[in-house]
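Put chain B on the given structure of chain A with help from the hints.
2 protein chains.
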Amino acid sequence: MSVILINPFEVAPGREADFIQLWDAAADYMARQPGFRWTRLHQAVTPNPKFAFVNVAEMDSAEQFLAAISSEEFAQLTAPMKDFPAAPTLNQVVRTIDG
Amino acid sequence: MSVILINPFEVAPGREADFIQLWDAAADYMARQPGFRWTRLHQAVTPNPKFAFVNVAEMDSAEQFLAAISSEEFAQLTAPMKDFPAAPTLNQVVRTIDG
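Order-wise, the sequence lines are chains A and B. Here the first sequence stands for residues 145 to 243, where the numbers follow the numbering used here. Here the second sequence stands for residues 145 to 243, where the numbers follow the numbering used here.
One should not assume that every hint holds.
Quick list of in silico lysine to aspartate or glutamate cross-link-like pairs, EDC-like style, CA-CA up to 16 angstroms [said to hold, decoys possible]:
#, chain 1, residue 1, chain 2, residue 2
1, B, Lys194, A, Glu154
2, B, Lys194, B, Asp168
3, A, Lys226, A, Asp162
4, A, Lys226, A, Glu160
5, B, Lys226, B, Asp162
6, A, Lys194, B, Glu154
Not close to chain A: a few residues of chain B, all C-beta gaps over 12 angstroms, as computed [said to hold, decoys possible]:
#, residue
7, Asp162
8, Leu221
9, Lys226
10, Phe228
Quick caveat, the hints were computed from the structure, so don't treat them as lab data. No residue lacks a Cβ here, since even glycine has one placed at the ideal position from N, Cα and C.
Bound-form chain A, shown alone:
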């Protein structure tokens, strides 16, 4: 069963471009890993958001996600993201309503 990564990030005003540059490099890496389906980066339009960005991504399995983030390359790509506190979870979809 596929898994959905949802990762909200706190990004201070003025640091948005720095964050997106780091995200682009990490996303490029993830897109090359086995099990990758898609990823989308969302930027808040709400004023003064708790989380200025939220990444949502789907992978074929939790095992493939964990393998992807366990490499030295991923650790190096994401080390500078320590400036941006995150609250990631792996999820299953439990409800869907289409309009």
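Then chain B, alone, in the frame of chain A:
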């Protein structure tokens, strides 16, 4: 331009069914509002998650979203959700990568 609501919820262990019941009622309301496109409820499989559930929904516009959540009916449906601290944002998609 459409907007993506992302709403992470803190739900204490043992309260999952209560939360889903409230979410179902609110989602049924939202699905009847102008501009509704889709909604998905995600449940964390990560142990001890900060956010046990995350709702993601798309609406045609921020104005239609704000109109939908401004009604007395919505206020009554969601009042019991005060037990579940949330960190909602309205978002734009700024990056998409498809595998």
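These are the hints, each one checked on the structure:
1. B:Lys194 to A:Glu154: 14 angstroms, holds
2. B:Lys194 to B:Asp168: 21 angstroms, violated
3. A:Lys226 to A:Asp162: 12 angstroms, holds
4. A:Lys226 to A:Glu160: Judged against 16 angstroms, a Cα distance of about 14 angstroms means the pair holds.
5. B:Lys226 to B:Asp162: 12 angstroms, holds
6. A:Lys194 to B:Glu154: Given that 16 angstroms is the threshold and the Cα spacing comes to 14 angstroms, the pair holds.
7. Asp162: Check passes; 14 angstroms lies beyond 12 angstroms.
8. Leu221: Holds, since 15 angstroms exceeds 12 angstroms.
9. Lys226: 17 angstroms, holds
10. Phe228: 15 angstroms, holds
Going through the hint list in order, the structure does not satisfy hint 2, though it satisfies all others.
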